[in-house]
Structures are given as C-alpha cells and as structure tokens.
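S.K.: Between the sequences and the hints, there should be enough to build the whole structure, so can you do that?
There are 2 protein chains.
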Amino acid sequence: MTNNKISIIPLGGLGEIGKNMTVVRYEDDIIVIDSGLAFPDDDMPGIDLVIPDMSYLVENRDHVRAVVLTHGHEDHIGSLAYLLKQLNVPVYGTNLTLGLAEGKLKEHNVANYQLIPVQAGDAVTIGAFQVGFIRVSHSIPDSVGLYFKTPVGTIVHTGDFKIDQTPVDGKLIDIHKFAELGDQGVLVLMSDSTNAERPGYTMSEKTVGETLKEEFAHAKGRIILATFASNVLRLHQAIQTACQFKRKVAVNGRSMKNVVEISQRLGYLTVPEGVLIDIEEIDRYPANQILILTTGSQGEPLSGLSRMASSTHRQVYIAPEDTVIVSATPIPGNEKLVGRTINSLLKLGAYVVYERTSGVHVSGHASQEELKLMLNLVRPKYFVPVHGEYRMLVQHSKLAQDLGIPKENIFIGNIGNVFEFSEEKALIAGKVTSGKVLVDGLGVGDVGNIVLRDRRQLSQDGIIIVVMTLDKERGCVLAGPDIVSRGFVYVRDSERLMDELKDKVQLVMDRYEPGKVMEWSVIKSGVRDALGKFIYEKTRRRPMIIPIIMEV
Amino acid sequence: MTNNKISIIPLGGLGEIGKNMTVVRYEDDIIVIDSGLAFPDDDMPGIDLVIPDMSYLVENRDHVRAVVLTHGHEDHIGSLAYLLKQLNVPVYGTNLTLGLAEGKLKEHNVANYQLIPVQAGDAVTIGAFQVGFIRVSHSIPDSVGLYFKTPVGTIVHTGDFKIDQTPVDGKLIDIHKFAELGDQGVLVLMSDSTNAERPGYTMSEKTVGETLKEEFAHAKGRIILATFASNVLRLHQAIQTACQFKRKVAVNGRSMKNVVEISQRLGYLTVPEGVLIDIEEIDRYPANQILILTTGSQGEPLSGLSRMASSTHRQVYIAPEDTVIVSATPIPGNEKLVGRTINSLLKLGAYVVYERTSGVHVSGHASQEELKLMLNLVRPKYFVPVHGEYRMLVQHSKLAQDLGIPKENIFIGNIGNVFEFSEEKALIAGKVTSGKVLVDGLGVGDVGNIVLRDRRQLSQDGIIIVVMTLDKERGCVLAGPDIVSRGFVYVRDSERLMDELKDKVQLVMDRYEPGKVMEWSVIKSGVRDALGKFIYEKTRRRPMIIPIIMEV
Chain A
259 MTNNKISIIP LGGLGEIGKN MTVVRYEDDI IVIDSGLAFP DDDMPGIDLV IPDMSYLVEN
319 RDHVRAVVLT HGHEDHIGSL AYLLKQLNVP VYGTNLTLGL AEGKLKEHNV ANYQLIPVQA
379 GDAVTIGAFQ VGFIRVSHSI PDSVGLYFKT PVGTIVHTGD FKIDQTPVDG KLIDIHKFAE
439 LGDQGVLVLM SDSTNAERPG YTMSEKTVGE TLKEEFAHAK GRIILATFAS NVLRLHQAIQ
499 TACQFKRKVA VNGRSMKNVV EISQRLGYLT VPEGVLIDIE EIDRYPANQI LILTTGSQGE
559 PLSGLSRMAS STHRQVYIAP EDTVIVSATP IPGNEKLVGR TINSLLKLGA YVVYERTSGV
619 HVSGHASQEE LKLMLNLVRP KYFVPVHGEY RMLVQHSKLA QDLGIPKENI FIGNIGNVFE
679 FSEEKALIAG KVTSGKVLVD GLGVGDVGNI VLRDRRQLSQ DGIIIVVMTL DKERGCVLAG
739 PDIVSRGFVY VRDSERLMDE LKDKVQLVMD RYEPGKVMEW SVIKSGVRDA LGKFIYEKTR
799 RRPMIIPIIM EV
Chain B
259 MTNNKISIIP LGGLGEIGKN MTVVRYEDDI IVIDSGLAFP DDDMPGIDLV IPDMSYLVEN
319 RDHVRAVVLT HGHEDHIGSL AYLLKQLNVP VYGTNLTLGL AEGKLKEHNV ANYQLIPVQA
379 GDAVTIGAFQ VGFIRVSHSI PDSVGLYFKT PVGTIVHTGD FKIDQTPVDG KLIDIHKFAE
439 LGDQGVLVLM SDSTNAERPG YTMSEKTVGE TLKEEFAHAK GRIILATFAS NVLRLHQAIQ
499 TACQFKRKVA VNGRSMKNVV EISQRLGYLT VPEGVLIDIE EIDRYPANQI LILTTGSQGE
559 PLSGLSRMAS STHRQVYIAP EDTVIVSATP IPGNEKLVGR TINSLLKLGA YVVYERTSGV
619 HVSGHASQEE LKLMLNLVRP KYFVPVHGEY RMLVQHSKLA QDLGIPKENI FIGNIGNVFE
679 FSEEKALIAG KVTSGKVLVD GLGVGDVGNI VLRDRRQLSQ DGIIIVVMTL DKERGCVLAG
739 PDIVSRGFVY VRDSERLMDE LKDKVQLVMD RYEPGKVMEW SVIKSGVRDA LGKFIYEKTR
799 RRPMIIPIIM EV
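Protein chains in written order, with the numbering used here: chain A, 259 to 810; chain B, 259 to 810.
Source of the hints: derived by calculation from the structure; they are not laboratory data.
These numbers were taken from a predicted model, which means no experiment stands behind them.
Please note that a few of the clues may not be correct.
As the list claims (entries may be wrong) - Covered stretches of chain B, going by a simulated chain A footprint (3 or more residues, C-beta under 8 Å):
#1 295-304
#2 781-791
To be verified - Interface residues of chain A toward chain B, partial, derived using beta-carbon atoms under 7 Å:
#3 Ile600
#4 Gly699
#5 Thr727
#6 Thr797
Just so you know, even glycine gets a beta-carbon here, dropped at the ideal spot from N, CA and C.
M.R.: In structure tokens form, the structure reads like this:
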C-alpha cells in the first residue's frame, strides 16, 4: 500500500524575497529545490547575509536524496555551501548553474561535493521521484523549471521565470512541456510571484539590445554599462553591439569577471577574438573605442560604478562626453544609493541613461499576463504561489481565482508550513523549524535578536561606559568614576556634560556609608537609572549605559 | 548710484531634497525664502532631523528684513523655530501656512515672533524689494509662488507647485500673474525640479476623489485611509465622500488631528455637523458607517497605520472586509517599510488599495510638461532650477534648453553658492558657509561626523570594552582584565571566545616586568591591536575596542 500524500515544505522564499529553498517529500524521500541566500534588511546592522534555517534537513539527513537547482542566482544557490557542509548529497543542475555553484563551493572550501549536470528537457529518477527539467526564460541563461512525477501526482515548480517570445539566444521557454504536463494532469503548481503586482507583459530582453544600439550610435566618449554580473545575455548583447561599433570591451568587478570567464568556458558567451581587453589597457585606445562593463548597478558603496562616480576607481575616470548606462532598476531599499551614484556621475559631466522608462532594463520575472498563461497551461488542481512577499502571493492568488481555480485550492503559506497534498484533499498539516540564520563574517547564527537589538540601540544614541574600582572590604571607591562615551556627543565640546555625569555617579555612591556592604547589582542599576534619567532630561537621548565595577 | 546686481544664495534645497531655504539679497537688504527641515539619511543613525546651516544669516543679522514662506510643509517651515531663536525677524505667509508655522513655534517655546498674514495676489514692500505672492497648486492649500521686484529686475520663485486645471477648491494657479510677469520681463526664475524626471503632466487632485468614490461604493467594512497629514484637500475629498456614503469620520494621529483642527479653524476645511467623531467612539457604529483618516502612509514604525497593521493600536483593530487605502507613494527609502505594513494588513484579511497605478494618489509637483509651461510663461533671462537632487536639476536644465534658454544662462549650483545677477551678466561670485546641522533630541549641531562614524561602526560589529585596574607605582595589574561586549556576539554562547580575549590581553600585559614604568597609551594601543587582529582572524568582524585603564 502506498502512502497517498506528498508534502511540500518551503524553508525560504515564501512570504519573503530571497533565500529560496523548498522541500518536496514523499514518504522517506526528500528532495530540496534550491539553496539560496538573502541580503540583510535595514534592521540587521552588520549582517553580511541571511540563509534559511536548515534544521529540518539536518534532522532528516538520512532521507535527503538530492538538491536540484533551478538557476545560478545567489538567492537560489547562495547557501549551498552552508548546506553541503552539513549534508553530503548530490546536486543536480544545468551546466551554467553548476559552474556558478562550484565557484561558490570552492570559495567556501567545501571539499566533498557531487555535482550532476543535466540539460533542460532531461528527466532523472531520484528516490520515488521522476524529476524533470523544463527550460524557462529568466535573467540568467540555463534557467529551468521543475516537475516531479510521484505516485500521488505531478508537481510543477516554475522556478524564476518570464515568457520571452523573442529570446536573445533563441532558446524559447518550453511552453510545450508545460502544456503537456497540464494535459496529463498536475496536482500542484508552485509559481514565481515576484512580479504578480505588475499588469501586462514583461518586455523581451531583446528590446534592451535595441536600446543599447541607439545609445551606442550617439555616444561620443567611452561607454560604461553597469548591470547585474549574472545577466549573461545582456552582457552578450552589449559585447555584440560593441563589436558592431568597433569598441573594445573591458570587464570591471570581480563577480562580473567571474561570470564572463565561466560563461565563456562553458559556451554561454562567445566573444570574438581581440575584443576583450584588460581594464588596465583602456587608456591605450581612444575614448570612442571603449566599452566598460561593470558591476555596481545598485549603487553599492564599494562597487565598480560607485568608485568611478566618486573618482576613486583605480583604472577608470569619468570624463565629460562619457556615456554611463545603468542597465538595472534599483531593488527596493537601494533607490537612494543608486540616485546618489547617478548624481555624482552627472556632476562629472557624464551623459547618464538610467530611467525605468528608458528601455535599458527589463525584468526577468513574469508579469500578470504571463502568470495567467502559465496557470492556464498547467491547469493545476492545487496552486501554491511562491517567491514573493505576502502581498505578491495574495495578488497571484487573485489572478488564479480569476482563471477559475477555487479559493480553497490555493494555499498562501509561510516558511515552515507543511503542505500535504493528495488527489482527495490538501491541507497545511503542521510546522517544522524554519527561519533566518544570520551570517556575520565567519559566524553563522551567532548573531541573534539580542545582539541586533544592541547594535540598533548603539547606532541610535551611542554608549556611555562608567568604570569604578571598589574596595569591597572597606566599602569605598578606590578609583573612578571614569566616564567614556562613543557615538553620544562630541566629547571635546561636551566636557561640562561629562563632569555632570561624574557628579551624578558620585551622588549614587554617596548613598553608601564607608564600610557598609556594597551590592554591585544595586550600584549598577542605581548608576544606570540616575544617568539614564539625567541624560534623557538634558538631551532627550537614550544612550546605552554600561556600568563596570572592578574589585580590588 | 545704485548697485546693479542682486544676489541669490541657496542655503538648502539645492542639490538635495528638503530643508529649503534661499536668500535673496540686494545691497543691505536680505529676504529669506522658507526655512525648512530635512529628514536624516540612512548614514545618520539616531539623528531626528536636519536643518540648514544658518551662519550666514546670523552673521548678517542686521540686514535680514524678513522670512517669506511659500507653504506649510515641514521642508519649508520646519526649521523656522531654530531660525527665530537666533534672529527676530517678521515672517510673511498665507493664513494656513502661518497657522501651521505658529503651531511649530509654540511647540519649540519660541516666545517672540511676528507673523504677518498675506493673501495670494498681495504684494508688500520689504526693504528695497516689492514682494508679491502668487497662488499655485500644491498638495497643501494656500501655497504661493513669489516674485521680487528689485531695482535690478524681477525675480520669480515658483515654490513647490503643479498646474492643476481642475483644483478641488476651485482656486486655480494664477497663470495670469506668471504670464503678466513674463510679459514685463523676468531676470531670474527659480523653479521646482522635484518631478523634472517625470514625462507628461501630473494628474489633478480631483482624480483621487473619483477613485475614492469607487472604493467607497464597493467597501463592505470600515474604510481606513492613510495619507499625508497636511494634504487638506485630500482629507476634504475623503470626508465629502464619507458624507455621501453615510460614514462617520474619525481622525487618528497627532499631526493629522492638528492639521484638521487648524484647517477647520481657519476655514480651509468644512465638515458638516455630526460627521466627525472621536476615535474612541468608532465601536459604537457599524463597520460600514466608519471612515478612519490616519497618518502612517509611509509605514513609519510608530505611526497610526503601522500600529493598526501590527494589531497594537489602542482603538483600531483591522478586521477582514475592512478596506485600507494607502493614499501616498513611498518616498525614496521608505519602500520596504510601506511594503511591510501592506503585507501585515493583508495578513489580517483587509482589502488594501495601494499601488501607484491605482489612482488613490497623485503628486503635488509639476511634471515635465508643466515645467515647460511655467518656463514659457515666465520667459526668464536666467534660470536656476531649484528643489531637487543634482540629476533633477540637470533634467530641468535640459527642458529649459529645449525651450531655447541658452545653456550659459542656466545655473546648476550648490548650497552656499552666491549667484549674482544683473541685466548684463550673471555668475557664481563666491561661497558662504552652508551645510547640514543635525538635530538629535535637544542637541542642535552637537552630533557631527565623528559621532556619526562611531555610531555606524558600533552598529556594524558592536563594541568590546576591556577594563583593568593598574597599580602604576608597583607596575602591576590589580584587577581585571574584565571584558564586556555589546552587539558583538551573544556572550552566553561565546564564553570560550571571551576567555581567549582575556588571555590575549594577559599576553600584552605579560610584556611588562613588574615594577617597570607602564605607559598607558602604549598598553591601550597594544591591547587594541592584539584583540583587533585576533578577533578579525577568528570572526572577520571589526568591533570597536575600548581599553579603559584605572589607576589606584
């Protein structure tokens, strides 16, 4: 007798953007879809990146059969190294995806790993599953959606996708496969909700190439094009256009160099002989014979483009008549950074092409009409909108309802939810451990809420440290109180305030008669209260106050 | 013989958004246009607000004849209290503007002030100037542009404006006055660049009213409308629509209550008897008879709407079937906050109307076609685009060039620049003190770059404090080293690391033979170096390290 249900457990990417990771489980066979990272929010100061809580996988380590990757973006492969350090399982993916993933694994010194290359169109058997890889369009080549044929029914996961009818590399999304699966019957569809709030159709990547051609035709000086390192087809279009206009191409930025190198090696990017030059060589050519491809389209302070904008780049200075093309839309939270970079470039006299309406960028995600098409092709019994914040999932769910999928067959859930599906019914059957694990430097998970709360408080009003040396036996102050502050006020201008603080501490200490027993915790809270109150009245600020008592 | 030049000195709002303040000077007569504030950037943790450096005005205090206000927004009146505390000069403005300004002055306990009300259409003589007030459309009533007739020529300042052909209150922007001035000849035009990057026309405020009507017609539960407190005409439209659909109106949020009270008192907002109810009373009415107007359209964590979204509001809970209308676009930097609030509202089951395309918000600033119309009406000899970041000024300058204003007659400058204009020539003649003054709690200007740098460092990796008590004479450690950390790692999980840090400090101290003279600064830098290196190798973090030595 077979168990008649299949479980889907999202560990990341549901109700949030990034750190995508989804578990599909049938009896004792577990497959993990993607292992991504997310970038920290504003309220996580100092954090480098965020990965999914993988406890469920570690606890079920004996059942995890494989990781299957949909594409090579950080939010889908960025936590693979952290996973493989805990769990040695085979990883399936297309060539470019595995090429990029392998780079990450080496960076993280992961010694043992097993990467199994597949191609779009392939299907492999893993445990009780037949897993198939379906070509989709996205902002990185070799992206796939997935299907899982199981004893209970077929599950389809679109991965990140759009429907580009005129793909730059001629490789059309495999509409036929989605249609065929729909024909045969699909139990559950998980589909990308990133652009579920956007009406209409997402433009083809090819339109960017056309806009680039126009800009190249008018450009007088150098052209600097900033875009996402991994958008290989955009790099391809830029390089092609450069060839057409007889410009040499230099690549700037470690991640972009890395992508160009891997893409060339694996055959995803063909550059004619003699076109690529080293960034050190650009001064040997006239300005109108140069294209520089660079990272930094998000205005990141230490990135290539920002350094050029602030005239601190080692090789590239911006001259009047240069054209800078920012071929990206600021991701939420980065608008100001990007704006500042553009201001600086304009001040240097550059001609800057940057607006959303300028045609130099298109999204990699499906808009509403494409999402509807996908739903109509696959015609699933149950629908789980994935990859998106709650409001995007809600919007995607509305689209599905408009197409006739009953509301009770649509599941808007959270990470950690265990969705159980069978031909007869579907429900949220429980909850497993899930959440954010914060990576700060070499520490994974050692920064939690308390540390973050302290960092936030420190950043608001700084810190005041009060140090005293006490003779506990004789019950008197031997040295101090000394007061040290950071991030509170500029001390040189505030000597009087610091003296007043000392007096306040002294008043607290005066309460103790010499020779009487001193309770340190009482002294500390007395100092904290007295200073806190005084400082707030005087300045309306609440610095962190740390009394430290030494005993001799 | 008269001096044949006039100076314009922007002290805020040029090359930046906010803290608008512009000086117009003819010989010894100075007039100040607006006295605004700005909100702090991400890189100013803990700062409450930013005001212009007013040193130039304080140094020239005997020449400052008046402040003239264009409208009542914070970025135009928010630093008036700080100015009047240093300088007692008369303030001119329209009724609503002065009403709002007076509220601020009382809040700041400014005792002596002289507010002189004017109406759109008025002109007054101040020193050598004839100053005229011209009605414009903007997102707050009673907004004016200004003209200054001087012995050298006429200067026009648009203030913040749009050209609303169907104003809600019937008060059309005074196109005729701008045309008349243009006919008579204008030396310099300063015009609002906020939306210079936006093609086309900004929609009329009236279109928002129409959208509201549609939403009200469909709404089943309560309606909660979040918008900017000062958008009186939007509040007016919402209240009117509420009356039409027989809903009572409750106002939530101190600033909005304040604006409603002032607007009613001064006759800018008429609410039929019995429509306004106290927020405490909403539970006495059925859900479909309630409209709540609230602050918090920018997702500010402690605002009305955010409290409702997080179910921590004292009076208002969100129920399924409630309609929440976010009648605003997130200002740059607030997208994530607004997004989070919307997610939470949706999770509570509310129907949320929020998109830019939904028609529930329009901008208060002129888009490109309106900016061109203004330039063509006024036909200035010289043009200074104002109110905007550099890229907006550049875009506005391009528009002006397209209309035939020669590039050399357009001035894109910075705050502090002294622009000198005469009939014969124009130039940037020098520079005066200008900049940002940071307000943190009660402190004005006491937080500078060093304090901010410390706050930023503290927020990234926290702080480690090392305390020792030394016997300087005997050259030995009496107590410690003790190590206290905040915002670095969660100490309970990291006891071993803390012990290692102590050992490292001990190693530094072991270099000193007992009885030898100890140089405190050498010990301190020794401790800082040893710990810094060790911590970075071990964790890849760079906490602030503060060694404190006490002497007994």
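S.K.: How about threonine 797(A): closest beta carbon in chain B under 7 Å, or not?
M.R.: OK, holds: threonine 797(A) within 7 Å of chain B, min 5 Å.
S.K.: Checking hints one by one. Is glycine 699(A) an interface residue toward chain B, by the C-beta closer than 7 Å rule?
M.R.: Because about 3 Å separates glycine 699(A) from the closest Cβ in chain B, which is inside the 7 Å limit, the hint holds.
S.K.: Taking a Cβ-Cβ distance under 8 Å as contact, does the stretch 295-304 of chain B have three or more residues in contact with chain A?
M.R.: holds (count 4)
S.K.: For the hint on threonine 727(A), does the least C-beta distance to chain B fall short of 7 Å?
M.R.: Result: holds, 4 Å to nearest chain B Cβ.
S.K.: Confirm or reject the coverage of the stretch 781-791 of chain B by chain A under the rule of 3 or more residues with a beta carbon closer than 8 Å to the chain's beta carbons.
M.R.: That given contact is violated, which follows from only 0 residues of the stretch 781-791 of chain B lying within Cβ reach (below 8 Å) of chain A.
S.K.: Does isoleucine 600(A) hold up as a contact with chain B if the rule is Cβ-Cβ below 7 Å?
M.R.: 5 Å, holds
The structure does not agree with numbered hint 2 stated previously, though it agrees with all others.
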